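Participant: Model the placement of chain C on the given structure of chain Z, informed by the hints.
Heads up: the sequence lines are chains Z and C, in that order.
Under my numbering, the first residue of the first sequence carries the number 432, and numbering increases by one thereafter.
Under my numbering, the first residue of the second sequence carries the number 432, and numbering increases by one thereafter.
There are no misleading hints in this set.
Heads up, the list lumps identical chains together, so a pair's fine if it works in one copy or across two of them.
Straight-line alpha carbon distances no greater than 30 Å define the calculated DSBU-like cross-link-like pairs of lysine-lysine that follow:
(1) 520 to 510
(2) 684 to 700
(3) 502 to 653
(4) 751 to 433
Hints were generated in silico from the structure; no laboratory data involved.
Note that the coordinates shown come from a computational prediction; the quantities given were computed from them, not determined experimentally.
Protein chains: 2
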Amino acid sequence: MKILIDCHGGDNSPRANVLGALRAMERYPDLEAIFVGDEARINALLAENGSQPGGRISVVHAPEVITGEEKPTDAIRLKKDSSMIRAIKLLREDPEISALVSTGATGSLVAAATLRIGRIRGVRRPAFCPILPTMDGGMVGICDSGANVDITVDQLRQFAILGSRYLENVYGVEKPRVALLNIGTETEKGDALRREAYPMLEKVADINFVGNMESRDLLSGKYDLVVCDGFSGNVLVKTTEGTALELLKKIKKDIYSKTVYKMGALLMKRMFADMKEFMNYQNYGGSVLLGTEKTIVKGHGSSDEAAVAKCVDQAYAVEKNRMNEKIEASLKASAPDEE
Amino acid sequence: MKILIDCHGGDNSPRANVLGALRAMERYPDLEAIFVGDEARINALLAENGSQPGGRISVVHAPEVITGEEKPTDAIRLKKDSSMIRAIKLLREDPEISALVSTGATGSLVAAATLRIGRIRGVRRPAFCPILPTMDGGMVGICDSGANVDITVDQLRQFAILGSRYLENVYGVEKPRVALLNIGTETEKGDALRREAYPMLEKVADINFVGNMESRDLLSGKYDLVVCDGFSGNVLVKTTEGTALELLKKIKKDIYSKTVYKMGALLMKRMFADMKEFMNYQNYGGSVLLGTEKTIVKGHGSSDEAAVAKCVDQAYAVEKNRMNEKIEASLKASAPDEE
Chain Z
432 MKILIDCHGG
442 DNSPRANVLG
452 ALRAMERYPD
462 LEAIFVGDEA
472 RINALLAENG
482 SQPGGRISVV
492 HAPEVITGEE
502 KPTDAIRLKK
512 DSSMIRAIKL
522 LREDPEISAL
532 VSTGATGSLV
542 AAATLRIGRI
552 RGVRRPAFCP
562 ILPTMDGGMV
572 GICDSGANVD
582 ITVDQLRQFA
592 ILGSRYLENV
602 YGVEKPRVAL
612 LNIGTETEKG
622 DALRREAYPM
632 LEKVADINFV
642 GNMESRDLLS
652 GKYDLVVCDG
662 FSGNVLVKTT
672 EGTALELLKK
682 IKKDIYSKTV
692 YKMGALLMKR
702 MFADMKEFMN
712 YQNYGGSVLL
722 GTEKTIVKGH
732 GSSDEAAVAK
742 CVDQAYAVEK
752 NRMNEKIEAS
762 LKASAPDEE
Chain C
432 MKILIDCHGG
442 DNSPRANVLG
452 ALRAMERYPD
462 LEAIFVGDEA
472 RINALLAENG
482 SQPGGRISVV
492 HAPEVITGEE
502 KPTDAIRLKK
512 DSSMIRAIKL
522 LREDPEISAL
532 VSTGATGSLV
542 AAATLRIGRI
552 RGVRRPAFCP
562 ILPTMDGGMV
572 GICDSGANVD
582 ITVDQLRQFA
592 ILGSRYLENV
602 YGVEKPRVAL
612 LNIGTETEKG
622 DALRREAYPM
632 LEKVADINFV
642 GNMESRDLLS
652 GKYDLVVCDG
662 FSGNVLVKTT
672 EGTALELLKK
682 IKKDIYSKTV
692 YKMGALLMKR
702 MFADMKEFMN
712 YQNYGGSVLL
722 GTEKTIVKGH
732 GSSDEAAVAK
742 CVDQAYAVEK
752 NRMNEKIEAS
762 LKASAPDEE
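Next up, chain Z with everything else stripped away, as it sits in the complex:
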């Protein structure tokens, strides 16, 4: 299996990207990595790790970097020598390459993927499905979390299928419990989109729809997958991350305000460290862009080595378990009559 590693665009690039991918390669003897980025810097990092191009490792020189400030359409048009656009081109053109892992600018990545990479038969638009840890030690996926802000009811059906197959194939969740993000749990709650979506989701084959979810229950462990438009999904994910982060910051500040608190915190050092680790999104990998013919995993911009390695794990599992074929079959089975 061949996977492209876009080596630029993250806060810790190219180091985290190169070393993270190498770490994942140790786990999968059949995995080959193609590093795309500044060749000299990549080679130096490989050497640092006792590796070099050849065998399961190759390097493609593409030194330009796309930043989050650039307009995606401009980036795609003007930065052909950027690691991201070169990687997308290779992914499109080489039938032997299965996947791409990138920690670069999300907007440009989605735009390039949408324009250049084909979709799975039946998919209208690809969608992101990030994973958050739940308070009972489990996890919950959110689809879509920002790739599609203006959507139709039928896209919600697709998000439910894409996310269900993803949780089954990459995380081994059986019959993922699918909820519709809404402003109340009652059937008739919500805006026009949600009121139309509810009865539709009840009828979709191949998904385990359990009803509406209020956002305050996201971390409760009662749901495996939440389907939503990309706008409110983005609000859901980023509010959760933001609130957790701000609270931890506040606890830290409060601890330093009094000596007795500092003493108490010393005894609880291990607990706070575990908690921080529990909430560290880096441990849960990147967001897989679901629905494209070839797998694209978007790691967080601040990804470290371990986080990049996790992204490679995700790409590997998607391919190994032939997730896309299962998505195609489900979409076909559940297509509404009017299609």
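Facilitator: Below, chain C without anything else, positioned relative to chain Z:
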């Protein structure tokens, strides 16, 4: 000033409603309260507090209760003897009554208010504006948080004006910094609604628009008011509350898992208590329904005495500072040309 107290519908009703309102009355010598609910129970609670009907206190018998499970349209039509519907009727018919405080079912309250209580001239639909504490010790208002799920761009203009006048008049915030909830901070981000709203908000007189806000920055203290459709606003508020609650629950559980943590937590007892208090939404009052001719304050269903007293404070401040007249003037000043 006469304020109605709907005494049913909350988890701690009628006790919290009656005693909470009495507590607020001590602060405002010119405040008269009309308690609506089960007369015998209200009289018993008044007696317990050494009070009785007469003078600044009166009681209206309306013993039925509307629950959150009832369909709002049915509740309004069938439960005419409920405390909520009787209170709305009195608010509508008696020109001397200024406001209503209720901890009852939100859906029925909004529906009854929308149908029976007039709007401020120029207001399309009333909107909720709950307040959350920010991590720098300040606060942030969110308008709308659920009363309007399908909205127009012009309603976002109205939410910005309603919320700005509210923060000025009830909380003394000068030139509230208004942000548009979006999925990124760049001008052109978001769905069709947001992309159209941004340049419109830049032109509105009487508001201090500072740009887009990503949901992860809600508690940062950088914004005083966030404007959004009621669907994503609801997600924003409830995700924040839910995440904070789940995290506190997790901390508590973790503490009890080891003796050394319990010892540490003992030293930090005061800190955790302060933190819990800081995040207790009861301390921040209820959500004022902005845009109705007469003031309606919706307290949380779990409101205790102190929370009900806070709701009365809010109603009092709205009336005392003639907020609605200022809203009307602002709406007129900023009305788009097409109106």
